[in-house]
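Asker: One-letter residues, chain by chain:
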Amino acid sequence: DVKVTQSSRYLVKRTGEKVFLECVQDMDHENMFWYRQDPGLGLRLIYFSYDVKMKEKGDIPEGYSVSREKKERFSLILESASTNQTSMYLCASTFLDSNYGYTFGSGTRLTVV
Amino acid sequence: ILNVEQSPQSLHVQEGDSTNFTCSFPSSNFYALHWYRWETAKSPEALFVMTLNGDEKKKGRISATLNTKEGYSYLYIKGSQPEDSATYLCAFMNSGGYQKVTFGIGTKLQVIP
Chain A
906 DVKVTQSSRY LVKRTGEKVF LECVQDMDHE NMFWYRQDPG LGLRLIYFSY
956 DVKMKEKGDI PEGYSVSREK KERFSLILES ASTNQTSMYL CASTFLDSNY
1006 GYTFGSGTRL TVV
Chain B
12 ILNVEQSPQS LHVQEGDSTN FTCSFPSSNF YALHWYRWET AKSPEALFVM
62 TLNGDEKKKG RISATLNTKE GYSYLYIKGS QPEDSATYLC AFMNSGGYQK
112 VTFGIGTKLQ VIP
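In order, the protein sequence lines correspond to chains A and B.
Here this note's numbering runs 905 ahead of the position in the first sequence, where the first position is 1.
Here this note's numbering runs 11 ahead of the position in the second sequence, where the first position is 1.
Since the hints were derived computationally from the structure, they do not count as laboratory data.
Keep in mind that this is a model prediction, so the values were computed, not measured.
Positions of the beta carbon are idealized from the N, C-alpha and C atoms, including for glycine.
Any given hint could turn out to be false.
The calculated DSSO-like cross-link candidates involving lysine-lysine, where the alpha carbons are at most 30 Å apart (straight line), are [said to hold, decoys possible]:
1. A/K975 / A/K923
2. A/K960 / A/K923
3. B/K111 / A/K908
4. A/K908 / B/K80
5. A/K976 / B/K111
6. B/K68 / B/K53
7. A/K975 / B/K111
8. B/K70 / A/K962
9. A/K908 / B/K119
10. A/K923 / A/K962
11. B/K119 / B/K70
12. A/K975 / A/K962
Footprint (simulated), chain B over chain A, 3 or more residues, beta carbon under 8 Å [said to hold, decoys possible]:
13. 912-923
14. 936-946
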């Protein structure tokens, strides 16, 4: 069974902390994505990566950075967490030229207090 | 940011009823249209990836149609069951590359037994 695994289901962090959200996929996918989901808004793209060490900004990259040192792992970093980053974070992956859609992780619900 | 709209935002149907919802998207630079089902406490799951104008896809009681010239797709559920209760997301991919999609906010379906 193919998988995208996010390291934590729930996280509570303090304002100003540096936060790491980890995502690992076992499908040899080239593309990996980080989205956030907020009530009344669609999934919004934060960053994506189409290859190791490559990254591209999505629609809402401010306050975030990413790291992709290995093909299977894509990390989202909140440099200094703020309360407006309280959200559900979803990681997804897909092949470079795919007609199969995204495979999603189960999400990390982050609360910044 | 591309505009992907879904309607209605939510609906309740009785078990056994058939229903449908709409996704509208930009009609230019079309590459693909995805549909996902997102059940509570689970990961979004890909239902269909549609790439050609006039495409019709079917999986069990769920089917989808695509009109790229006018920029809309319909998702149909025949004989709704309680297990169909979920949020249904559509996502538009333009021809900009990297398999990057823009999601609508979803249609939340509740099937009443």
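Asker: When the hints from earlier in the document are held up against this structure, which numbers fail?
Answerer: Failing hints, ascending: 4, 8 and 13.
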